Amino acid sequence: MKITAVKSFVAPSGHFFVKVETDAGIYGLGEGGLKRRARAMAEVVRWFEEALIGEDPFRIEHLWQVMFRGGFFPGGVVQSASVSAVDIALWDIKGKALGVPVYELLGGRTRDKVVCYPHTGGRTPADLVDNCRRAQDAGWRFLRWSINDPLSGGGGGSRLEPARGVHDGVSKVRAVREALGDEIEILIDVHTRLDPPASIQFCKGVEQYRPFFIEDPLRSENISSLRLVRQQTSVPLAIGEQFDSKWTFREAIEDDLMDYCRVDVCIAGGLTEARKIAAMCETHYIHLAPHNPLGPVSTAACLHLCLASPLVGVQELPRAPMSSFTEAFPVQSPFADGYLLVPDAPGLGVEFVEEALESEAPAPTPPHGLMRDDGSYGNW
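For the sequence shown, the working numbering assigns the number 7 to the initial residue and increments by one for each residue that follows.
These are computed hints drawn from the structure, not numbers from a lab.
Given the structure is predicted, the values throughout are model-derived calculations rather than measurements.
Think of the CB as a built atom: it goes at the ideal place given N, C-alpha and C, for glycine as much as any other residue.
One should not assume that every hint holds.
[To be verified] Taking CB as the label site, the calculated pair distances span:
(1) Asp262 <-> Gln214: 19 to 25 Å
(2) Asp261 <-> Glu67: 35 to 41 Å
(3) Ser382 <-> Val106: 48 to 54 Å
(4) Gln237 <-> Arg139: 34 to 40 Å
[Claimed, not checked] The calculated lysine-lysine pairs, modelled on DSBU-like cross-linking and capped at a C-alpha distance of 30 Å, are:
(5) Lys8 <-> Lys119
(6) Lys8 <-> Lys210
(7) Lys8 <-> Lys25
(8) Lys25 <-> Lys13
(9) Lys41 <-> Lys119
(10) Lys13 <-> Lys252
(11) Lys210 <-> Lys41
(12) Lys282 <-> Lys252
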């Protein structure tokens, strides 16, 4: 079997998908993780195409090395996300060709289902409690929201003043814990918006309410800064959605700076790299909590990784399968009562109708960040 085509699709929403075709009539699907840089990923994949056409799609590790190392200079997160999309598609092809789900190729099932969490929020603590209660009633056991002044009554449009954000964030955690009790798991995404002093203050403020984890408490450029937070709080930390390879994860894993690994299969190098990162995490008892804010192919790839991994905490799932992209992807991952279930179809278990996916450049968007009261710019 040989690769005959590598097709890129940029949806108006910014979602980026790849379809790898073969001379055996088997195709594989992949997804890239940078919605705001979808066109850049498409160009990188086009650059990969010459090296991929005519190759054996079963040589996944070899082709990963060709894509990742073929430009000599490291390509950064855009290249890694592009490699991810093609890599996931190659695993899909191999599973289909062998007649088995991808998790069987990764070592087989370690669990019968994967617990997930949706995105929720609310401008006030009362709004948040109402939204969380509705999610709980719908079967979700894990609930996530972000620390964010625009959603919390901080005022001023797209603004985040750390002191207000910390006070409001602690109030919301308290309100949800007191209203919904101890059976619900609480996850708070700081989204890299706070500096160390504010992050430490927030983490210490919510310790008594037993959050399942605090996600991305700091910016990701300087991993060693996590030590300041780690030394001064007992709350579990979830790190890594912006990391683009096993090398960027290395320090946080080896120095025990996180409890949950937020690997993004569509950014960090696909399933080939994600399973290596998972193995590194296992040696430090770090559980997976895959970053998955994307589409149905990303959801499926994360599901197969979790099904085959021994240490899994929870998987992100902002939209339940079959609630989006239903015409282009009429078959998606099975889901019920807050859990992704085991697919039995070969490959990823996702079907694609190419003609149904409108492919056009997404509308241009300006840089997206949050402003401080003094007009300075911060992370979104």
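Here is what the structure says about each hint:
| no. | hint | in the structure |
| --- | --- | --- |
| 1 | Asp262 <-> Gln214: 19 to 25 Å | holds, 23 Å |
| 2 | Asp261 <-> Glu67: 35 to 41 Å | violated, 28 Å |
| 3 | Ser382 <-> Val106: 48 to 54 Å | holds, 53 Å |
| 4 | Gln237 <-> Arg139: 34 to 40 Å | holds, 36 Å |
| 5 | Lys8 <-> Lys119 | violated, 34 Å |
| 6 | Lys8 <-> Lys210 | violated, 55 Å |
| 7 | Lys8 <-> Lys25 | holds, 14 Å |
| 8 | Lys25 <-> Lys13 | holds, 5 Å |
| 9 | Lys41 <-> Lys119 | holds, 28 Å |
| 10 | Lys13 <-> Lys252 | holds, 27 Å |
| 11 | Lys210 <-> Lys41 | violated, 34 Å |
| 12 | Lys282 <-> Lys252 | holds, 7 Å |
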